[in-house]
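Take these sequences, add in the hints, and give me the full structure.
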Amino acid sequence: MKFGILVNEGPYQHQASDSAYLFCRAALAKGHEIHRVFFYHDGVNNSTRLTEPPQDDRNIVTRWSKLAADHGVDLVVCVAAALRRGIKDENLAPGFRISGLGQLVETGIQADRLVVFGD
Amino acid sequence: MTAAGPKKFMFVNRKAPYGTIYALESLEVVLISAAFDQDVSLVFIDDGVYQLKKGQQTKGIETKNFSPTYRALDGYDVEKLYVERESLEARGLTEEDLIVDVEVLGSADLGKLMDEQDVVVSC
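Those sequence lines, one after another, are chains S and C.
FYI, the numbering for the first sequence is 1 to 119, going by our numbering.
FYI, the numbering for the second sequence is 1001 to 1123, going by our numbering.
What the hints contain is simulated information worked out from the structure, not anything from laboratory work.
Glycine included, C-beta positions come from ideal geometry on N, C-alpha and C.
Just to be clear, a hint being listed does not mean it is correct.
Said to hold, decoys possible - Computed list of lysine-lysine pairs in DSS-like fashion (alpha-carbon distance at most 25 Å, straight line): (1) C:Lys-1008 with S:Lys-2; (2) C:Lys-1054 with C:Lys-1064; (3) C:Lys-1112 with C:Lys-1007; (4) S:Lys-2 with C:Lys-1007; (5) C:Lys-1008 with C:Lys-1080; (6) C:Lys-1015 with C:Lys-1064.
Stated by the list, open to error - Quick look at which bits of chain C chain S covers, simulated, 3 or more residues with Cβ under 8 Å: (7) 1020-1026; (8) 1029-1037; (9) 1090-1104.
Here it is as structure tokens:
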């Protein structure tokens, strides 16, 4: 099955990003396809490479980057939500790209299922 | 599942218009999806019904009153607006209190409607 993923919450504050990541990893392991992960609302904060969690904690941002590198998953950050929160190309982590909300609608159209993670 | 032609997109609004940014940013997605010629509907549940409340005044909290945008949805061919009856009643509101024409449905009927959708985006 082809999944689209929507992440609506920031990292660490909320479990949504962890759950979305674990869902993606499990789906890929089962042979499913992740068409795109779209980051919206505070979810855009998952994409900044300035993130530095304590060493004994998971690094949510690099974990997403690795998922993109290993499986070619398209990580898209909403431009309007990103600019509002100080996320720009210059502080974007590897594997992420900034684009418009049309990318969310498009994954809703292209994917068999859109799964939303957030409050 | 990837059908030709438009998909049924339903946006479920569950949060108050102010206090968090969910309502404001969600409205942006609705407008974009309308531009993609999809079959778009909106649902207002829980505190989400307050998004449509008449007479919103936001000067005191120094944020933009974006409620007039709901009136403009018509111009984007977004005409299916549903409000959950139970949520209205629990808050002492009626259709008369809302800034746009809506269809008021009970939660069971809304559930059936959700079941018919291809994409449900909720926040």
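Against the structure, the hints:
1. C:Lys-1008 with S:Lys-2: holds (17 Å)
2. C:Lys-1054 with C:Lys-1064: Holds: Lys-1054 of chain C and Lys-1064 of chain C sit about 15 Å apart, inside 25 Å.
3. C:Lys-1112 with C:Lys-1007: holds (17 Å)
4. S:Lys-2 with C:Lys-1007: Cα-Cα ~16 Å, so holds.
5. C:Lys-1008 with C:Lys-1080: holds (11 Å)
6. C:Lys-1015 with C:Lys-1064: Holds: Lys-1015 of chain C and Lys-1064 of chain C sit about 17 Å apart, inside 25 Å.
7. 1020-1026: Held - the region 1020-1026 of chain C has 3 residues with a Cβ nearer than 8 Å to chain S, which meets the minimum of three.
8. 1029-1037: That given contact holds, which follows from 5 residues of the region 1029-1037 of chain C lying within Cβ reach (below 8 Å) of chain S.
9. 1090-1104: violated (count 0)
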